[in-house]
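S.K.: Read off the chains here:
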Amino acid sequence: MTTYRAVGLVMRRELLERGLSKSYALSWLFLALLVGAGVAIPGFFGDDGSVRTYRVATVGAASVGPGELARSTAPGEPGSYRIDLTASPDSGAAGAAVADGSVDAALVEGDRVLVGKDTPRELESALQQAVLSYQVQDMLATGEVSERAVAIMAGEGVTVVTAEPEADADAAAEARQFVIAQVALVLLFMAVMTTGSWVLLGVTEEKTNRVSEVLLSSLRPWQLLAGKIIGVGLLGLLQFGSIAASLIVAVRLVLDVTLPEVDAGFLGISLIWFVLGYLVYAAGYAAVGAIAHRPEDAQNAAFPLTLVTVAGYVIGIVYVSGNPDTVWSTVLTLVPLTAPFVLPVRAVSDAVAPWEQAAAFLLMIGFIVLLVRVAGRVYAGGVFNYRTRIKARQAYRSAEF
Amino acid sequence: MLELDGLTKRYGDVVALDDCGFSVRPGRIVGFLGPNGAGKTSAMRAVFGLLRLDGGTVTWMGRSVTHDARRRFGYMPEMRGLYPRMPVRRQVIYFGRLHGLGKATAARAADRWIARFGLEERAGSRIDDLSHGNQQRVQLVTALVHDPELLVLDEPFSGLDPLGVAEMSRILRERAEQGAAVLFSSHQLDLVEHLCDDVAIINQGRVALSGPVRTLKDRAAHRRVEVDMDSSLALTPALPGVRLVESRGTRHVLRVPAEVGMDEIMTALADGRTVREFSYGPPTLSDLFSEAVAS
Chain A
4 MTTYRAVGLV
14 MRRELLERGL
24 SKSYALSWLF
34 LALLVGAGVA
44 IPGFFGDDGS
54 VRTYRVATVG
64 AASVGPGELA
74 RSTAPGEPGS
84 YRIDLTASPD
94 SGAAGAAVAD
104 GSVDAALVEG
114 DRVLVGKDTP
124 RELESALQQA
134 VLSYQVQDML
144 ATGEVSERAV
154 AIMAGEGVTV
164 VTAEPEADAD
174 AAAEARQFVI
184 AQVALVLLFM
194 AVMTTGSWVL
204 LGVTEEKTNR
214 VSEVLLSSLR
224 PWQLLAGKII
234 GVGLLGLLQF
244 GSIAASLIVA
254 VRLVLDVTLP
264 EVDAGFLGIS
274 LIWFVLGYLV
284 YAAGYAAVGA
294 IAHRPEDAQN
304 AAFPLTLVTV
314 AGYVIGIVYV
324 SGNPDTVWST
334 VLTLVPLTAP
344 FVLPVRAVSD
354 AVAPWEQAAA
364 FLLMIGFIVL
374 LVRVAGRVYA
384 GGVFNYRTRI
394 KARQAYRSAE
404 F
Chain B
175 MLELDGLTKR
185 YGDVVALDDC
195 GFSVRPGRIV
205 GFLGPNGAGK
215 TSAMRAVFGL
225 LRLDGGTVTW
235 MGRSVTHDAR
245 RRFGYMPEMR
255 GLYPRMPVRR
265 QVIYFGRLHG
275 LGKATAARAA
285 DRWIARFGLE
295 ERAGSRIDDL
305 SHGNQQRVQL
315 VTALVHDPEL
325 LVLDEPFSGL
335 DPLGVAEMSR
345 ILRERAEQGA
355 AVLFSSHQLD
365 LVEHLCDDVA
375 IINQGRVALS
385 GPVRTLKDRA
395 AHRRVEVDMD
405 SSLALTPALP
415 GVRLVESRGT
425 RHVLRVPAEV
435 GMDEIMTALA
445 DGRTVREFSY
455 GPPTLSDLFS
465 EAVAS
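Chains as they are written, first to last, in our numbering: chain A, 4 to 404; chain B, 175 to 469.
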């Protein structure tokens, strides 16, 4: 039997038996409920029946008319909005006010609407409509030719200008990627803690119910561990992936928020390091499971590894995100246990040189292969110790494989 | 042929195996006997490479046991091991496939062996919903499902009812007749004597006695005499080397040197007494075991 087939059989068993278990379904349901609540609750409470007030700056006398029209036609009912107008000396000052959020939008010289990235869509539409309506009313009053009126009605009478400076576009994209990187770190941390504990308990249970002795009579320990790690990992990926997908759908449908576009290359890097991060920690948890002598002892035995996971997460989210270019950040990129928490954060600001990415990747792959082998050997040495917890070194030395 | 040669294993100051060696030939059933802690489980684990030996070799058909060879072996460990929440049939198929069977072949073999052990009704049940005896049967099925060339079973009869013991004995005999080498450990010496072709008796990590049961009994230095007579055996015959082993009322068991013939001992016992029953024969396996372990 080939190694591929042996690993595949173990993986398939994990997928079927664990995937169809009640505990897996319950954890899935719990996460789904958590996400649902996270999306639905703000949806319910966000629209609390109060009247929203939008501040609009007007530049020039030509803007007063459309501004007043917009103000007077704003619904002003509970659950809707009203508009307050303030005069601004020139378009520069109005643009700055929109950009810094002191006003929500501005009307310039009667035919331009200045909006920022946070300008509500309903305000932007209302202002456009007011400018057009005002111009049409004006033309009807002065008897201007109808061709122009037609053009105005077709939308050519107003220009919407984004107050955000061009130079800030890259920074905005970077900020979006930074958020994605932070979300990836949180997801990785949750995935490692959740699926890592599945691997840990799975290995300890196999040891406790003695099935490992039968398994090891026909499988190499590392094949057993690799199959288990991949199977559990796929279940975790399925669970987290489906939750993330439903989160995106829910945010779009329930909260009516359009998600920003993210660079595909960056998403790829995040995904690769998510998988590598899971693999390296899962192998560690598998080895810890082999030296624990019963499930109750497993969490204690895993404490140092949990500590490393938390440290990696904190380092990534606190230190590296603020200091992506330091020597320490470079070093942490090359250390396999911290790399998954560090590299995606640094990739946001293009702080990782290609050689660093390549070196970190190769080191990581080598470390995972080595770790699975060592974990397999620790497993083989620790798995027949049914009475007490033994040290990893002792287990490693006593293994036959 | 499975050959264990000079196996040595220490756990600190404890010697688990001390130059342990014996063989198991295809078509033969070998009973592996020894007191608790004698090294039986360690030796069996060594066959599957499950412990790191300090010395010695394990060979199958003259070659070191490889991982591929082990897949053609069947193993039932001392500590029973099955997935408690996995249904019987799925579990048997899984172990069959781990031993190299294809999906369809494993399913057919699982159904055949499940039926053979009368477990059809429980094929969909989880292991932890089965009785202890049925769990034991499933454990044996997982060791047999791939028709192994070598069967190594650690205490396969413990926990089985008499019907289960009879069925298990029949299956082991069948496997041996079909050419498999069978090694099993047990403390049920009568059963081993009845079922096995050969025995290996291990004590303190070292094989004290091994060979065909018949030969060992015939070559023994003493004979077993059982007698029922009308008086107590205070009058043990004054023959050299004769020893009273056990006495219960009028029934007595004697250990008699092999050179003392049946007529000679019977004459000595009947001297002025009425002998109601008399038997003279080779020692039982239990006698050989006690002697080997005592020495």
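The set of hints was computed from the structure by calculation and includes no laboratory data.
Even for Gly, the Cβ is constructed at its ideal location relative to N, Cα and C.
Careful, some of the hints might be misleading.
Simulated DEER-style distance windows between Cβ atoms [as the list claims (entries may be wrong)]:
#1 B:D193 - A:A28: 51 to 57 Å
#2 B:E348 - A:L36: 52 to 58 Å
#3 A:M196 - B:D242: 35 to 41 Å
#4 B:R290 - A:L310: 36 to 42 Å
#5 B:T231 - A:L23: 54 to 60 Å
The list that follows gives simulated cross-link-like pairs (lysine to any residue, SDA-like), each with its CA atoms no further than 25 Å apart [unchecked claim]:
#6 B:K277 - A:A267
#7 A:K25 - B:G298
#8 B:K277 - A:L23
#9 A:K120 - A:G22
#10 A:K25 - B:R264
A few chain B residues that face chain A, going by a derived Cβ cut-off under 7 Å, partial list only [claimed, not checked]:
#11 V232
#12 W234
#13 P251
#14 M253
#15 G255
#16 L256
#17 Y257
#18 P258
#19 M260
#20 R271
#21 L272
#22 H273
#23 K277
#24 F291
#25 Y454
S.K.: Which hints from the list above does the structure break, by number from lowest to highest?
M.R.: Violated hints: 4, 5, 6, 9, 11, 12, 23, 24 and 25; rest satisfied.
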